[in-house]
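Each protein sequence line maps, in turn, to chains Y and F.
Each number in my numbering comes from the position in the first sequence (counting from 1) with 1407 added on.
Each number in my numbering comes from the position in the second sequence (counting from 1) with 1407 added on.
One or more hints might be untrue.
Copies of the same chain look alike in the list, so a pair counts if it works inside one copy or between any two.
Calculated pairs, BS3-like style, for lysine-lysine (alpha carbon to alpha carbon, straight line, at most 27 Å) [stated by the list, open to error]: (1) K1498 / K1529; (2) K1486 / K1597; (3) K1584 / K1461; (4) K1460 / K1486; (5) K1597 / K1529; (6) K1461 / K1529; (7) K1507 / K1486; (8) K1579 / K1486; (9) K1474 / K1486; (10) K1507 / K1460; (11) K1529 / K1507.
It is worth saying that the hints were derived from the structure and are not from the lab.
Protein chains: 2
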Amino acid sequence: MHYPNGKKRMTTNQSKNTLNNPTNFGKRGMTLENDINETNHYYLEWNIAVVHKKPTPVQIVQVDYPKRSAAVIREAYFKQASTTDYNGLYKGRYIDFEAKETRSRTSFPLANIHQHQVDHMKSVVEHNGICFLIIRFENQDESFLLPAEQFFPYWDRQFQGGRKSIPINDIKEHGFKIPFSLQAKVDYLKVIEQVYL
Amino acid sequence: MHYPNGKKRMTTNQSKNTLNNPTNFGKRGMTLENDINETNHYYLEWNIAVVHKKPTPVQIVQVDYPKRSAAVIREAYFKQASTTDYNGLYKGRYIDFEAKETRSRTSFPLANIHQHQVDHMKSVVEHNGICFLIIRFENQDESFLLPAEQFFPYWDRQFQGGRKSIPINDIKEHGFKIPFSLQAKVDYLKVIEQVYL
């Protein structure tokens, strides 16, 4: 883990929006992400499952190799993910999911998901993997597991004049509330166990 | 995909070793990586399997948000991968592997692999995933699939005074030569099919 040496560099193209705190980076959606990472860590520590978040995809353009210190990436850009964020292994089964939170109290906006992620999810289902979304409604502090098979019709319908979000009641009907525990804050394997195995 | 706007920026801390070509980045091992990526693309296109390379893990420290253009990462560092580089799904089975090439003609140096990658591979095997190494001997232009279960004894023995590399003859004995085809240059699923399924 390499952190900056504490010196503030002055650059002419630095804008007001510069973030200088690594842990604070990309704050939106970090709560759910942190909870899932902790849960996955717990699963791994207790030898329950092997699930990891994939690194953020980045297009690296320029790298400096200073003498006597670590390589520094000086220019890079965020790339859109071509798959979901999480995958892994549970009892010999491949599992794959995307996690999103919303501030809406009434529905989950489909704009949170990208077409190529859905393409990926459809491939996973076709090849007999376990695939789902974890959707958290921040205000209610409730998280749901929505199986990909239940999600696809909502996704596809939006292109035939359907609504661009999934009502929370539909998520409750077709999905499963994910239990919370102190050790596994988003204990999604409990649902997997019931629904898929 | 965001590319630089073509202007050469001048920075004082730019060293002689600066790479400015995104496709050329991290050249070592790119041939095997490219061949595997192409193979995975072929598997995906033909609906044979869903396997992806994970993005390079990067610790992002500073991001600029210029007006009217994409966010630019201005300071970031390479992190060591905590898992293997590739995983995915084939006929409902979880598959997971690391790919390495060596210029040695006689053996594969264990220094190419990190302890936490081995820890990860052991977890995968324990949870009934399909786990292996792809090892290419560059000079002979031969690639082998070595099942993780065959690899572990060599890894563990190095800490009990054993050698720090695996002789090519042992790889030939315990592993499987991966066939080449024009469409699937590293057609590892052919081996998986024979060995695991």
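So, going through the hints one by one against the coordinates:
1. In this assembly of identical chains, K1498 and K1529 lie within 27 Å of each other by CA distance both inside one copy and across copies; the values are 22 Å within and 14 Å between.
2. Taking the shortest Cα distances, K1486 and K1597 never come within 27 Å of each other, neither inside one copy (33 Å) nor across copies (32 Å).
3. With identical chains, the CA atoms of K1584 and K1461 are at most 27 Å apart within one copy only, with a shortest distance of 24 Å there and 30 Å across copies.
4. Taking the shortest alpha-carbon separations for K1460 and K1486, both the intra-copy value of 16 Å and the inter-copy value of 14 Å come in at or below 27 Å.
5. For the identical chains of this complex, K1597 and K1529 are neighbours both inside a copy (23 Å) and across copies (24 Å), given an alpha-carbon limit of 27 Å.
6. Proximity of K1461 to K1529 under the C-alpha cut-off of 27 Å is found in both arrangements, the shortest distances being 19 Å within a copy and 19 Å between copies.
7. Taking identical chains as interchangeable, the C-alpha atoms of K1507 and K1486 lie at most 27 Å apart whether they share a chain (18 Å) or sit on different chains (25 Å).
8. In this assembly of identical chains, K1579 and K1486 lie within 27 Å of each other by CA distance neither inside one copy nor across copies; the values are 33 Å within and 39 Å between.
9. For a Cα distance limit of 27 Å, the shortest separation of K1474 from K1486 across copies, 18 Å, qualifies, whereas the shortest one inside one copy, 29 Å, does not.
10. In this homomeric assembly, K1507 and K1460 come within 27 Å of each other (Cα to Cα) both inside a single copy, at 13 Å, and across copies, at 23 Å.
11. Taking the shortest Cα distances, K1529 and K1507 sit within 27 Å of each other inside one copy (18 Å), while across copies they are farther apart (30 Å).
When the structure is compared with the earlier hints, violations turn up for hints 2, 8 and for no others.
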